[in-house]
Amino acid sequence: MPEFPLAIDRYGEWLHVQVFEKRRPLTDSQLGAMREVLAQTLDLPLAQVVLKVRRRQRGSSQYERLDDHAPSFTVGERGLRFEVNLARYLDTGLFLDHRDSRQMIRERAAGKTFLNLFAYTGSFTVYAAAGGARRSVTVDMSHTYQAWSQRNLVHNGLHDAARHSFVQSDVLAFLQRMRRAGARFDLIVLDPPSFSNSKRMQDTFDVQRDQLRLLADTLALLAPGGELLFSNNRQGFKLDPRVDELAAVDEITQQTVPLDFRRHTPHRCWLLRSR
Numbered sequence: 005m006p007e008f009p010l011a012i013d014r015y016g017e018w019l020h021v022q023v024f025e026k027r028r029p030l031t032d033s034q035l036g037a038m039r040e041v042l043a044q045t046l047d048l049p050l051a052q053v054v055l056k057v058r059r060r061q062r063g064s065s066q067y068e069r070l071d072d073h074a075p076s077f078t079v080g081e082r083g084l085r086f087e088v089n090l091a092r093y094l095d096t097g098l099f100l101d102h103r104d105s106r107q108m109i110r111e112r113a114a115g116k117t118f119l120n121l122f123a124y125t126g127s128f129t130v131y132a133a134a135g136g137a138r139r140s141v142t143v144d145m146s147h148t149y150q151a152w153s154q155r156n157l158v159h160n161g162l163h164d165a166a167r168h169s170f171v172q173s174d175v176l177a178f179l180q181r182m183r184r185a186g187a188r189f190d191l192i193v194l195d196p197p198s199f200s201n202s203k204r205m206q207d208t209f210d211v212q213r214d215q216l217r218l219l220a221d222t223l224a225l226l227a228p229g230g231e232l233l234f235s236n237n238r239q240g241f242k243l244d245p246r247v248d249e250l251a252a253v254d255e256i257t258q259q260t261v262p263l264d265f266r267r268h269t270p271h272r273c274w275l276l277r278s279r
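Using the working numbering, read the sequence shown as starting at 5 and increasing by one per residue.
In case anyone wonders, no lab produced these hints; they're calculated from the structure. Positions of the beta carbon are idealized from the N, C-alpha and C atoms, including for glycine. One should not assume that every hint holds.
FRET-style restraints, in silico, Cβ to Cβ [unchecked claim]:
#	residue 1	residue 2	range
1	G136	A220	22 to 32 Å
2	A165	R246	35 to 45 Å
3	V158	L48	25 to 35 Å
4	R167	T31	51 to 61 Å
5	R267	P29	15 to 25 Å
6	V41	G229	48 to 58 Å
7	D47	F77	12 to 22 Å
8	Q180	D47	51 to 61 Å
9	D104	R188	21 to 31 Å
10	A165	P29	46 to 56 Å
With these hints in hand, go ahead and build the complete structure from the sequences.
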């Protein structure tokens, strides 16, 4: 909302409201008034309006637990079901701004081997499986999100351990192992965080600083004729021009950002093809 520091997403009969922290924080009474107005305007119970104050991200703060007792439920997107939790973490489990890029993966997945890196709750994997991917590997460092990814496949009747495997690992270390093993994939999604200083990683990660090494290691796993969807949400991100030496590169942000997110572009996206 341009007049107010708010982002409002609707998940079925629930609202997820993010208030972005400014120099002068809003008072509890002001935040409470926001919830009441939204609930009344949309004729929703007040308990189904979840409001969070979004502070400047520090490290892995988006993964910190907020409410261990908050219930999860499933929502529909293009005929698929996804588990979300609006209150347990800062993020909900499903990034709505990526719904068009997810569909892009489904349309490309038939008969392909698919690799999902920094997979979070595995929504890209669900779309790839629904699109007929022959095999998928889903990689994330978090056991919590790997379990969530598997439940998302179950919600859609797509869980098949013989076809869809899950690897809990630092992605950078995983890429090195797969590169040494000579692994290849037809279709890859690479959607890293802007920054991470997780204790489970050997070093800090900064997508602007580390992009060339990350993309080179990922492209090394791309099969001939394969495609890599690379996206990130870092404000002001600039793709290193040397990436053009590694693959054929097309920015497709205009195709992947839905109309309702275009006031403030939440991510940028590129399609890289093996030469």
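Okay, G136 versus A220 on CB: inside 22 to 32 Å?
-> holds (29 Å)
Is the hinted range of 12 to 22 Å satisfied by the C-beta distance from D47 to F77?
-> At roughly 19 Å between Cβ atoms, F77 and D47 fall inside 12 to 22 Å, so the hint holds.
Satisfaction of the hinted span 48 to 58 Å by the C-beta atoms belonging to V41 and G229 = holds (53 Å)
Regarding V158 and L48, is the given constraint of 25 to 35 Å on their beta-carbon distance met?
-> holds (29 Å)
Satisfaction of the hinted span 46 to 56 Å by the C-beta atoms belonging to A165 and P29 = holds (47 Å)
R246 and A165 - C-beta distance against the hinted 35 to 45 Å | With a Cβ separation near 39 Å, A165 and R246 satisfy 35 to 45 Å, so the hint holds.
Beta-carbon spacing of Q180 to D47 - inside the hinted bounds 51 to 61 Å or not = Given a distance of about 53 Å, which is inside 51 to 61 Å, the answer is holds.
Go ahead and decide if the range 51 to 61 Å is satisfied by the Cβ distance of R167 to T31.
-> Holds, at about 52 Å.
Consistency of beta-carbon spacing, R188 to D104, with hint 21 to 31 Å = holds (27 Å)
Lying within 15 to 25 Å: is that true of the beta-carbon distance R267 to P29?
-> holds (23 Å)
Violated hints are absent here; each numbered hint is respected by the structure.
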